[in-house]
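Peer 1: Residue numbers (the working numbering), protein chains in the order written: chain P, 1 to 92; chain B, 1001 to 1270; chain S, 2001 to 2083.
These are calculated hints, taken from the structure and not from any lab test.
Some clues are possibly wrong.
Said to hold, decoys possible - Selected chain S positions facing chain B (Cβ under 7 Å, derived; list incomplete): (1) MET2001; (2) ILE2004; (3) LEU2005; (4) ALA2007; (5) ILE2011; (6) ARG2028; (7) PHE2032; (8) LEU2049; (9) TRP2053; (10) MET2054; (11) VAL2058; (12) ALA2069; (13) MET2071; (14) LEU2072; (15) MET2080.
What the hints assert, rightly or not - To spell it out: a stretch of chain B is covered by chain S in this simulated footprint if at least three of its residues, at any positions, have a beta carbon under 8 Å from a beta carbon of chain S; those stretches are: (16) 1035–1044; (17) 1049–1058; (18) 1152–1166.
No residue lacks a Cβ here, since even glycine has one placed at the ideal position from N, Cα and C.
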Amino acid sequence: MMDIVSYSLMGLGLVFWMWGTLPLLGDRSVLFKLHSLSVSDTLGSISIIAGLLLRIPSEWPLLLLALISLAIWNTVLGYVLAYCSSSGGNRG
Amino acid sequence: MCWPTVQARGGIVANFSTDLSVDAYVLAIAMLLPITACMLVTQVNPYHALVIRGILGAVAALVYALFGAADVALTEALVGTMLSITLYAIAVRSSLRMRLGVLEEALPERSPVADYPQPLPAATPVLSALRQALRQYHMRLELVAYPDPQALQAALVTKDVHTILLPSATAIAASQPPDSLTGHSSGQPLGQSSGQSSGQHSGHPSRSHTPPRRYQLQTRIQRLYEILQPVLPSDVASLDYLTLKSNPQTHLPHDPSAAVEPPPSMEVQS
Amino acid sequence: MQWILIAMILILLIPLYEAWQDDDIWQRMLAFASIATKTSIMILVISVLRDDWMIGVVGVLILSVGNAALMLLAHVLRRMNEG
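So here's chain P without its partners, still in its complex pose (with noise of 0.2 Å):
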């Protein structure tokens, strides 16, 4: 039982990644990427990790940080990434 639940985030992970990552190829502005890759790739590795922490619940705080690190780091670095490429732009 333990184990479909954690495949199946997992796999659920798999799909928001691809769904992320696959606008990286078209030739879209460089925010509208960064919006789809930062939102759907945070929740893939979300998903992915929780999925982890299912199978092996002894690591718990081990996971804990890297779901913490994940979500804060991530959304940080959308915002600087945002910033740094619009106002390199307007100058440039």
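Using the hints, position chains B and S against chain P.
Peer 2: Chains B and S alone, transformed into the frame defined by chain P:
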């Protein structure tokens, strides 16, 4: 002392090689490393190469962690990716540039807040042409302001800047027959380009009665002359290459005696 | 468990190709961000697969440090575009 550790490592490697024959994903991940390395080698732009180097560092950390070397993976991520990329980015940024000395009147709105003042519209064509020419070599243009043409020439002689930008009349007056500077003039077709330049300056009616403002660039680096000479439009600016005479005082640009005593090109002026 | 890693490698090839073929530096930075996150998650999956706690710690560290490197590089590139 060393023998047991060698024995232990050999045992680990032997166990691991049996794993390799089973798992296909180990081979697939290991194949990512040469692919990324080939991508890195084929890059031309140094900044793009830095980004690819970051990707290579991430993939290499993955491969090291896959093979059980956690310490090597951590070192690769910390030093190989973060530290070396940041240091190289700063090094490339501060070395691939051309310092261009300009007059302060070409940069009028220099407020203390803005680090990068916008130049006058009259100087914009030559600056954009310079930027376009330097962009092919991934170089930046860095503007340094000086109060008058004498200070500009002195900055060129003391190797403070690579190239100086002078309005044409001032440049001719300031560097007529220089003793220590042998200028290779670059064939300026004034008569041919007058039609184009008058059309170009039609947007500034206040300057239309004056002769078209051409600019003169003087560089002291032969490679910059070779880069800029073929691509610089001759109706915007002309380019001269100056060979500096080996002057013992130019080795010490901050020597007070060098500052008091004018450079040899200024003796003609005074 | 292994098919998850195989699928991850296949997904990882997409930003790798993007970083190779695109000329804009910010698109490459996006691909770099994507790859940095994906590789550290893969290290975590490998640590669970091998049941190796040490690799897991390294994966979490790389997950946070790789993003910091990205931000530093982004700021340096922004200053380059301004000057």
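Peer 1: Please go over all the hints and tell whether each is borne out by the structure.
Peer 2: Outcome of the hint check:
no.: 1; hint: MET2001; result: 9 Å, violated
no.: 2; hint: ILE2004; result: 9 Å, violated
no.: 3; hint: LEU2005; result: 4 Å, holds
no.: 4; hint: ALA2007; result: 10 Å, violated
no.: 5; hint: ILE2011; result: 12 Å, violated
no.: 6; hint: ARG2028; result: 4 Å, holds
no.: 7; hint: PHE2032; result: 5 Å, holds
no.: 8; hint: LEU2049; result: 9 Å, violated
no.: 9; hint: TRP2053; result: 10 Å, violated
no.: 10; hint: MET2054; result: 5 Å, holds
no.: 11; hint: VAL2058; result: 4 Å, holds
no.: 12; hint: ALA2069; result: 4 Å, holds
no.: 13; hint: MET2071; result: 10 Å, violated
no.: 14; hint: LEU2072; result: 5 Å, holds
no.: 15; hint: MET2080; result: 5 Å, holds
no.: 16; hint: 1035–1044; result: holds (count 3)
no.: 17; hint: 1049–1058; result: holds (count 6)
no.: 18; hint: 1152–1166; result: violated (count 0)
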